[in-house]
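Mind docking chains Y, A and D on chain B? Use the hints.
Quick mapping for you: the protein sequence lines, in order, are chains B, Y, A and D.
For the first sequence, my numbering assigns the number 1 to the initial residue and increments by one for each residue that follows.
For the second sequence, my numbering assigns the number 1 to the initial residue and increments by one for each residue that follows.
For the third sequence, my numbering assigns the number 1 to the initial residue and increments by one for each residue that follows.
For the fourth sequence, my numbering assigns the number 1 to the initial residue and increments by one for each residue that follows.
Simulated from the structure, these hints should not be mistaken for laboratory data.
These figures come from a predicted structure and were not determined experimentally.
One or more of the hints may lead you astray.
Computed, partial: chain D to chain A, Cβ under 7 angstroms [stated by the list, open to error]: (1) Lys27; (2) Val30; (3) Met37; (4) Ala88.
Glycine included, each C-beta is placed from N, C-alpha and C at the ideal position.
Number of protein chains: 4
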Amino acid sequence: MINTENLKQCLREFAAVRDWEKYHSPKNLVMAMSVEMAELMEHFEWMTEQQSLDLDNKTREEVALEMADVLIYLVRMADRCEIDLNDAVKRKIALNGEKYPPLNDRANKK
Amino acid sequence: MINTENLKQCLREFAAVRDWEKYHSPKNLVMAMSVEMAELMEHFEWMTEQQSLDLDNKTREEVALEMADVLIYLVRMADRCEIDLNDAVKRKIALNGEKYPPLNDRANKK
Amino acid sequence: MINTENLKQCLREFAAVRDWEKYHSPKNLVMAMSVEMAELMEHFEWMTEQQSLDLDNKTREEVALEMADVLIYLVRMADRCEIDLNDAVKRKIALNGEKYPPLNDRANKK
Amino acid sequence: MINTENLKQCLREFAAVRDWEKYHSPKNLVMAMSVEMAELMEHFEWMTEQQSLDLDNKTREEVALEMADVLIYLVRMADRCEIDLNDAVKRKIALNGEKYPPLNDRANKK
Chain B
1 MINTENLKQC LREFAAVRDW EKYHSPKNLV MAMSVEMAEL MEHFEWMTEQ
51 QSLDLDNKTR EEVALEMADV LIYLVRMADR CEIDLNDAVK RKIALNGEKY
101 PPLNDRANKK
Chain Y
1 MINTENLKQC LREFAAVRDW EKYHSPKNLV MAMSVEMAEL MEHFEWMTEQ
51 QSLDLDNKTR EEVALEMADV LIYLVRMADR CEIDLNDAVK RKIALNGEKY
101 PPLNDRANKK
Chain A
1 MINTENLKQC LREFAAVRDW EKYHSPKNLV MAMSVEMAEL MEHFEWMTEQ
51 QSLDLDNKTR EEVALEMADV LIYLVRMADR CEIDLNDAVK RKIALNGEKY
101 PPLNDRANKK
Chain D
1 MINTENLKQC LREFAAVRDW EKYHSPKNLV MAMSVEMAEL MEHFEWMTEQ
51 QSLDLDNKTR EEVALEMADV LIYLVRMADR CEIDLNDAVK RKIALNGEKY
101 PPLNDRANKK
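Pulled out of the complex, with its shape left as it was, chain B reads as follows (with noise of 0.2 angstroms):
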């Protein structure tokens, strides 16, 4: 359902010309997307949640913008894992499909 191959290698890269996959173990990549997750969260804390419904656009751009850190972090951070991201969400969507179901079949089994 989402193909991050482009990304992925585009990160790759982006490292390598760097000199930066020497700190790139999954270790401090969750550390440092932690960071980024909450410099994401930072601009939440004291909305309301119907404040946070309603961004004006330079709120929302900076969300955006910190949201897009937290996607390369996770992107490269799958890839040092060799886990396919893409594939591990179908399967992440079918148990929490099961383990919440649907109102409808909840109300029909009854």
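Same frame as chain B, but now just chains Y, A and D:
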């Protein structure tokens, strides 16, 4: 570089048939995503960097499913914020490229 | 304002008799503390702000134990970094007081 | 083992004179505390474990102030949740002691 359209539609429907839309404010979603991120990080907290590069198959599969959870929430949150993740990633990589020039470029500028 | 000396000694011994010192680098401890923080946050991810102010007794107890985990790791990490938490808190509150003056002071300066 | 009463009172007043009480729901405070935790973690993301044990004075001071931020939010949040942190720490250490017996005890039970 990365097409999240199908996954976005899938997650919209997943939330709708469970009556979860009322919970899916960006404020709540970023909290839930951070929790999934920490579940991912938990696998690595006592590992050495080298161990994190040599995951056994059982751990790799658990890590893959936690990464999927992060990606699922990221795509869902982007949808709720009306953010185009692919576009954001392109702009962020360009910004990162300016902020951290490749080693060759730095050498050439000396 | 806060004396963590006893707790520090207790945690030193706790780690020593379990042969955990080799795992307790600040890098590892900050990861473990972040995981505990997320377990604390998980209790609040789908709550409204008002609900988070009206915890039932069972949830309050679970929240209390997660907060304890964060504090335990914080005191342990400070010890491993040779940091005096009480002293740091005093200086930080002074810095915060300068950064965010009280409303009265702001009014008086107008 | 740890007395947070003075700090609690100080933080109450700090919030009151800035009219911040309306923002200080536990849901918001746990988000803000998580952001501070990530700012603490950021110092360690690319360090080796050994480097994290040998901080230079400048980094140690920055780390100390980030740890103070976490502790400040922790005490403030406990107050807003009507939680006694000292009591929670005592119970948690007892629980941890049962969950992870000391090595000697384990040897004796063989």
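The hints, checked one at a time:
Below 7 angstroms, beta-carbon pairs count as interface contacts, and lysine 27(D) has one with chain A at about 4 angstroms; its hint therefore holds. At its closest, the beta carbon of valine 30(D) sits 5 angstroms from a beta carbon of chain A; the interface hint therefore holds under the 7 angstroms criterion. Restraint check, methionine 37(D) versus chain A: the minimum CB separation of about 5 angstroms is within 7 angstroms; hint holds. For the restraint placing alanine 88(D) at the interface with chain A, the shortest Cβ-Cβ distance is roughly 4 angstroms, inside the 7 angstroms limit, so the hint holds.
Consistency with the previously given hints is maintained throughout, with no hint failing.
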